[in-house]
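There are 2 protein chains.
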Amino acid sequence: MLMFDAAIYKERRKALVKKMQEQGAGGIAVFLGNVDAPMNYRDNCFEFRQDSTFLYFWGLNEAGLAASINLENGMECIYGDDVDIDDIIWMGPQSALGEKAETVGVEHTAAAKDFATAVQFALQNDVPVHFLPSGRWANRLKMSEITGTPAATVYDTAPYDEGDDVHSSLELTKAVISLRLIKENCEIEQIDKACDLGVLMHTIGREGCKLGAIEKDIAGAMDGFAITKGWGVSFPTILSQNGQILHGHDHSQTITDGRLLLIDAGLALNNGYCSDFTRTLPCGGKFTQRQREIYDIVADCNELAYTLAAPGVAYLDVHKAVARLMLEHLKELGLVNGNVDEMTEEGIAGMFMPHGLGHNMGLDVHDMEDLGENWVGYDDDQQRSGQLGLGSLRMARRLTPGNVITDEPGIYFIPALWEYFRKHNLDKGFVNFDKLRAYEKFGGIRLEDDLLITENGCRRLGTTRLPIASAEVESVMAANVEK
Amino acid sequence: MLMFDAAIYKERRKALVKKMQEQGAGGIAVFLGNVDAPMNYRDNCFEFRQDSTFLYFWGLNEAGLAASINLENGMECIYGDDVDIDDIIWMGPQSALGEKAETVGVEHTAAAKDFATAVQFALQNDVPVHFLPSGRWANRLKMSEITGTPAATVYDTAPYDEGDDVHSSLELTKAVISLRLIKENCEIEQIDKACDLGVLMHTIGREGCKLGAIEKDIAGAMDGFAITKGWGVSFPTILSQNGQILHGHDHSQTITDGRLLLIDAGLALNNGYCSDFTRTLPCGGKFTQRQREIYDIVADCNELAYTLAAPGVAYLDVHKAVARLMLEHLKELGLVNGNVDEMTEEGIAGMFMPHGLGHNMGLDVHDMEDLGENWVGYDDDQQRSGQLGLGSLRMARRLTPGNVITDEPGIYFIPALWEYFRKHNLDKGFVNFDKLRAYEKFGGIRLEDDLLITENGCRRLGTTRLPIASAEVESVMAANVEK
Numbered sequence: 120m121l122m123f124d125a126a127i128y129k130e131r132r133k134a135l136v137k138k139m140q141e142q143g144a145g146g147i148a149v150f151l152g153n154v155d156a157p158m159n160y161r162d163n164c165f166e167f168r169q170d171s172t173f174l175y176f177w178g179l180n181e182a183g184l185a186a187s188i189n190l191e192n193g194m195e196c197i198y199g200d201d202v203d204i205d206d207i208i209w210m211g212p213q214s215a216l217g218e219k220a221e222t223v224g225v226e227h228t229a230a231a232k233d234f235a236t237a238v239q240f241a242l243q244n245d246v247p248v249h250f251l252p253s254g255r256w257a258n259r260l261k262m263s264e265i266t267g268t269p270a271a272t273v274y275d276t277a278p279y280d281e282g283d284d285v286h287s288s289l290e291l292t293k294a295v296i297s298l299r300l301i302k303e304n305c306e307i308e309q310i311d312k313a314c315d316l317g318v319l320m321h322t323i324g325r326e327g328c329k330l331g332a333i334e335k336d337i338a339g340a341m342d343g344f345a346i347t348k349g350w351g352v353s354f355p356t357i358l359s360q361n362g363q364i365l366h367g368h369d370h371s372q373t374i375t376d377g378r379l380l381l382i383d384a385g386l387a388l389n390n391g392y393c394s395d396f397t398r399t400l401p402c403g404g405k406f407t408q409r410q411r412e413i414y415d416i417v418a419d420c421n422e423l424a425y426t427l428a429a430p431g432v433a434y435l436d437v438h439k440a441v442a443r444l445m446l447e448h449l450k451e452l453g454l455v456n457g458n459v460d461e462m463t464e465e466g467i468a469g470m471f472m473p474h475g476l477g478h479n480m481g482l483d484v485h486d487m488e489d490l491g492e493n494w495v496g497y498d499d500d501q502q503r504s505g506q507l508g509l510g511s512l513r514m515a516r517r518l519t520p521g522n523v524i525t526d527e528p529g530i531y532f533i534p535a536l537w538e539y540f541r542k543h544n545l546d547k548g549f550v551n552f553d554k555l556r557a558y559e560k561f562g563g564i565r566l567e568d569d570l571l572i573t574e575n576g577c578r579r580l581g582t583t584r585l586p587i588a589s590a591e592v593e594s595v596m597a598a599n600v601e602k
Numbered sequence: 120m121l122m123f124d125a126a127i128y129k130e131r132r133k134a135l136v137k138k139m140q141e142q143g144a145g146g147i148a149v150f151l152g153n154v155d156a157p158m159n160y161r162d163n164c165f166e167f168r169q170d171s172t173f174l175y176f177w178g179l180n181e182a183g184l185a186a187s188i189n190l191e192n193g194m195e196c197i198y199g200d201d202v203d204i205d206d207i208i209w210m211g212p213q214s215a216l217g218e219k220a221e222t223v224g225v226e227h228t229a230a231a232k233d234f235a236t237a238v239q240f241a242l243q244n245d246v247p248v249h250f251l252p253s254g255r256w257a258n259r260l261k262m263s264e265i266t267g268t269p270a271a272t273v274y275d276t277a278p279y280d281e282g283d284d285v286h287s288s289l290e291l292t293k294a295v296i297s298l299r300l301i302k303e304n305c306e307i308e309q310i311d312k313a314c315d316l317g318v319l320m321h322t323i324g325r326e327g328c329k330l331g332a333i334e335k336d337i338a339g340a341m342d343g344f345a346i347t348k349g350w351g352v353s354f355p356t357i358l359s360q361n362g363q364i365l366h367g368h369d370h371s372q373t374i375t376d377g378r379l380l381l382i383d384a385g386l387a388l389n390n391g392y393c394s395d396f397t398r399t400l401p402c403g404g405k406f407t408q409r410q411r412e413i414y415d416i417v418a419d420c421n422e423l424a425y426t427l428a429a430p431g432v433a434y435l436d437v438h439k440a441v442a443r444l445m446l447e448h449l450k451e452l453g454l455v456n457g458n459v460d461e462m463t464e465e466g467i468a469g470m471f472m473p474h475g476l477g478h479n480m481g482l483d484v485h486d487m488e489d490l491g492e493n494w495v496g497y498d499d500d501q502q503r504s505g506q507l508g509l510g511s512l513r514m515a516r517r518l519t520p521g522n523v524i525t526d527e528p529g530i531y532f533i534p535a536l537w538e539y540f541r542k543h544n545l546d547k548g549f550v551n552f553d554k555l556r557a558y559e560k561f562g563g564i565r566l567e568d569d570l571l572i573t574e575n576g577c578r579r580l581g582t583t584r585l586p587i588a589s590a591e592v593e594s595v596m597a598a599n600v601e602k
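Line by line, the protein sequences give chains A and B.
To convert a position in the first sequence, counted from 1, into the numbering used here, add 119.
To convert a position in the second sequence, counted from 1, into the numbering used here, add 119.
Treat the hints as calculated values from the structure; they're not laboratory data.
Treat the hints with care, as some may be off.
[Unchecked claim] With a straight-line Cα cutoff of 30 Å, these simulated DSSO-like cross-link-like pairs (lysine-lysine) come out:
(1) B:Lys542 x A:Lys542
(2) A:Lys329 x A:Lys450
(3) A:Lys405 x A:Lys542
(4) A:Lys450 x A:Lys335
(5) B:Lys439 x A:Lys232
(6) B:Lys439 x B:Lys329
(7) A:Lys450 x A:Lys405
(8) B:Lys335 x A:Lys329
(9) A:Lys335 x B:Lys335
(10) B:Lys542 x A:Lys335
(11) B:Lys232 x B:Lys335
[Stated by the list, open to error] Simulated restraints on C-beta separations:
(12) A:His368 x B:Glu591: 34 to 42 Å
(13) A:Lys560 x B:Gln142: 32 to 40 Å
(14) B:Leu242 x A:Ala125: 17 to 25 Å
(15) A:Glu308 x B:Ile301: 52 to 60 Å
(16) B:Lys560 x A:Thr373: 25 to 33 Å
(17) B:Asp498 x A:Glu308: 38 to 46 Å
(18) A:Glu181 x B:Glu538: 22 to 30 Å
(19) A:Asp553 x B:Asp205: 21 to 29 Å
(20) B:Gly217 x A:Asn244: 50 to 58 Å
(21) B:Gln142 x A:Asn244: 32 to 40 Å
Note that the Cβ used here is the ideal one computed from N, Cα and C, for glycine as well.
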């Protein structure tokens with residue numbers, strides 16, 4: 120696994136301590152790495168995935184580690200166990216923990232069990248202990264056991280307050296987010312690399328999209344590539360002719376002429392950095408007139424977000440601008456009618472795009488999501504909307520150079536959602552349901568790129584962009600038919 | 120996913136109740152299905168894997184379910200939630216829980232939250248509640264919360280005893296093991312299918328074993344095939360020229376002439392049934408003289424186990440017979456000297472094969488391992504050995520028709536283990552360390568087939584056997600060089 124120089128990790132930890140001090144937070148900050156996650160039984164585990172924040176500050180990509188940093192004197196320690204003869208038989212010779220710690224600039228190491236002791240000693244002496252929430256059940260249980268707080272509440276992130284119940288720390292959460300939100304050059308290099316591989320992964324998908332193929336054959340080939348060239352998929356591959364199902368993980372259908380295949384897939388490098396692209400392909404090689412109309416709207420929306428994304432612009436406003444453009448186009452098709460500004464305000468776009476325009480991306484494909492979607496994606500003065508679609512927006516913040524975000528508008532035709540809108544009178548009379556009926560079996564279209572916010576605007580990550588214009592897509596798809 | 124007829128599941132549950140009654144166990148038996156397992160953050164999960172025992176009795180292959188069966192009146196209930204509009208947007212329309220329950224012959228359903236209520240109501244009324252341990256942290260935490268027992272002890276399996284702390288049930292553990300140990304015909308059909316696909320998966324591996332290839336390219340292609348044709352790998356693929364590292368998941372090396380590539384890999388079908396094969400290939404296509412000598416010993420050992428495995432024979436004794444044959448051959452090579460029976464007794468084989476001869480296989484590749492290795496693999500009158508190698512034997516029982524086990528002897532040259540044997544005087548003077556030195560960089564060889572115990576002996580699972588004889592392996596490997 121590529122790791123950065125020790126200096127990078129030291130610099131990050133130094134910046135973290137500074138951010139904590141700025142918030143007046145003292146005591147210690149502790150970090151729990153991941154353990155292996157059992158598939159079906161305890162010793163049969165999924166491919167190991169380290170906690171992303173642990174990777175970011177402590178670099179070591181192996182199971183069973185923890186770390187602490189004293190926010191007052193900066194003393195750092197990594198906790199873990201050296202190998203015994205059994206480990207050598209099963210996993211081969213390993214370097215000592217001390218040597219590993221040195222590669223990330225950490226001087227002190229201690230046995231794994233000393234982590235609990237250190238945390239408990241601090242708590243007993245009224246020294247604040249700052250820790251982060253984790254989506255891993257094992258970590259929740261461990262922090263619950265160590266701190267004596269129920270598992271149900273130990274990750275209820277809140278400001279540290281003396282005398283309070285022990286819980287995950289808002290100060291640490293905010294400090295970590297403020298650092299990880301701005302990608303360093305060494306990180307951008309890795310994300311570009313993940314995107315280059317992600318483009319190749321999607322190319323395998325596109326080349327596999329031939330009439331008669333089974334969706335799973337295509338998805339399996341893409342996933343195999345991700346395993347070969349990286350850690351694996353950055354999230355379970357979405358590949359379905361039912362593009363209107365947002366997380367369509369059923370891959371059992373046969374590629375059929377006249378349908379659309381939506382592929383939303385990405386790759387994680389061995390060091391964790393991700394890509395995340397979506398393309399929607401015409402299965403027989405050519406879009407129908409109706410498909411092309413909708414496709415071109417989505418492509419337009421994708422382009423608009425790219426045009427608007429720049430430092431100082433709130434991505435919340437970009438989402439709204441995209442929603443407006445989408446409704447404008449849908450009005451041209453007669454699927455909605457009325458004043459476009461009003462229907463944008465009323466959230467009508469959410470019936471067509473019931474998800475947000477994009478999210479942060481980095482070591483996690485939804486970067487830092489476990490730290491709390493609102494802390495990660497919203498500025499202090501921003502409110503999360505209650506509307507369908509806009510309410511799912513994971514990244515609303517005013518953009519800053521170094522942000523890495525996705526640009527992924529989509530239009531989906533979901534009859535159950537039409538019923539829902541009707542039943543709850545959410546359509547406010549703007550929707551032409553009669554005309555919609557013709558789209559009942561249309562499916563859905565999503566088009567997604569990854570953007571880096573630069574000093575003056577943004578750039579798409581990765582060297583080459585996946586074909587996106589409808590004519591260009593038809594042109595590359597022609598090869599699938601000829602073969 | 121292929122599911123069996125409702126009658127199969129009903130029959131199994133009926134048999135389970137009978138086994139519980141035979142042990143005098145009353146009350147209720149409860150089963151917790153799995154939830155999704157987070158990769159890096161809570162909503163980014165690995166491919167869903169259902170709890171195997173839940174699959175076995177309740178058939179439904181989705182997250183968030185539980186089930187109960189009243190051991191006195193046989194009343195059965197499946198607990199889970201029907202979908203809401205959000206679920207439909209993200210996962211598509213679903214059938215109602217009641218309809219799903221019907222497909223596995225269960226009449227009653229209830230909301231997911233009612234599971235806790237049912238368990239707590241029983242406990243409050245002194246009704247015994249029997250449940251199984253699980254390797255999943257989420258399940259441990261959930262059973263701990265529901266029963267009010269610390270997570271650390273809730274899975275300390277013991278006989279039910281009134282007034283005791285609540286813990287996983289030995290009665291239920293034994294009843295489940297006794298059923299799952301004997302594979303039904305419908306299960307054997309599925310395992311045969313998994314083995315046929317496992318052979319194809321290994322064939323991809325063998326064909327990829329070309330000089331200059333990277334191990335990871337080969338492993339990724341195999342894993343991609345497993346994802347395409349089934350659920351995925353039945354365990355993380357072991358593929359390494361360092362075959363002496365038993366679980367070698369580092370795949371970074373280049374295939375190099377003169378080395379041996381050990382591939383231990385299997386596939387799980389969508390319904391959970393597994394395969395598990397190992398082959399060891401000469402990287403340049405031809406074994407050296409020294410490699411062939413060791414290889415042929417391992418192949419001989421594999422054949423001996425196949426010859427001996429039959430109803431009434433303890434697999435513990437088969438392991439010992441294999442260890443004896445191995446030492447006999449190693450003595451011919453001069454690597455050990457002395458009385459073969461004595462050195463077998465002293466466990467000298469463990470220095471060359473520090474693992475057991477095989478394990479049960481079925482819905483789990485180490486079948487039911489979470490229920491407790493000793494409960495699963497040892498008859499009541501059998502003791503687990505303390506010796507290295509034999510002590511790792513997971514299946515020692517007297518064999519019964521319907522058992523599915525692996526036959527996987529190996530010989531490994533692990534210098535760190537030689538030191539360990541020397542230091543602790545475990546070699547008892549039987550080992551010729553001077554001669555061993557020439558094998559320092561040899562690596563390791565393992566050869567594994569899957570066996571079904573039949574009325575009269577056993578048969579190898581799968582239609583075709585992977586090439587195993589050294590000459591045959593060289594002959595098929597010739598194709599890799601010519602290409």
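For each hint, the structure was consulted:
In summary, the hint linking B:Lys542 to A:Lys542 is not supported, as the alpha carbons are separated by about 78 Å, beyond the 30 Å threshold. In summary, the hint linking A:Lys329 to A:Lys450 is not supported, as the alpha carbons are separated by about 34 Å, beyond the 30 Å threshold. Between A:Lys405 and A:Lys542, the direct Cα distance comes to roughly 37 Å. Violation of the 30 Å bound is thereby established for this hinted pair. Between A:Lys450 and A:Lys335 the alpha-carbon distance is near 36 Å, which puts this suggested pair outside the 30 Å criterion.
For a cut-off of 30 Å, the pair hint linking B:Lys439 to A:Lys232 is broken: about 38 Å separates their Cα positions. Restraint check: the Cα-Cα separation between B:Lys439 and B:Lys329 comes to about 36 Å, which exceeds 30 Å; the hinted pair is violated. About 25 Å separates the Cα atoms of A:Lys450 and A:Lys405, which keeps this hinted pair within 30 Å; it holds. Distance hint between B:Lys335 and A:Lys329 is fulfilled; the C-alpha atoms sit about 28 Å from each other, no more than 30 Å.
Distance hint between A:Lys335 and B:Lys335 is fulfilled; the C-alpha atoms sit about 22 Å from each other, no more than 30 Å. In summary, the hint linking B:Lys542 to A:Lys335 is not supported, as the alpha carbons are separated by about 53 Å, beyond the 30 Å threshold. Taking the CA atoms of B:Lys232 and B:Lys335, the gap is about 44 Å. The hint is violated against a cut of 30 Å. Hint check: A:His368 to B:Glu591, Cβ distance near 40 Å, so the stated range 34 to 42 Å holds.
Range check, A:Lys560 to B:Gln142: about 55 Å between beta-carbon atoms, so the 32 to 40 Å window is missed. Taking the beta carbon of each, B:Leu242 and A:Ala125 are about 53 Å apart, not inside 17 to 25 Å as hinted. A hinted range of 52 to 60 Å for the beta carbons of A:Glu308 and B:Ile301 is consistent with their spacing of about 56 Å. Remark: the range hint 25 to 33 Å for B:Lys560 to A:Thr373 is contradicted by a beta-carbon distance near 50 Å.
The hinted window of 38 to 46 Å between B:Asp498 and A:Glu308 is violated, with their beta carbons roughly 59 Å apart. As the Cβ distance of A:Glu181 to B:Glu538 is approximately 24 Å, the hint placing it in 22 to 30 Å holds. For A:Asp553 paired with B:Asp205, a C-beta distance near 27 Å keeps the hint of 21 to 29 Å intact. At roughly 56 Å, the beta carbons of B:Gly217 and A:Asn244 sit within the given window of 50 to 58 Å.
For the pair B:Gln142 and A:Asn244, the supplied restraint of 32 to 40 Å is violated, since their beta-carbon distance comes to about 51 Å.
The structure does not agree with the numbered hints 1, 2, 3, 4, 5, 6, 10, 11, 13, 14, 16, 17, 21 stated previously, though it agrees with the rest.
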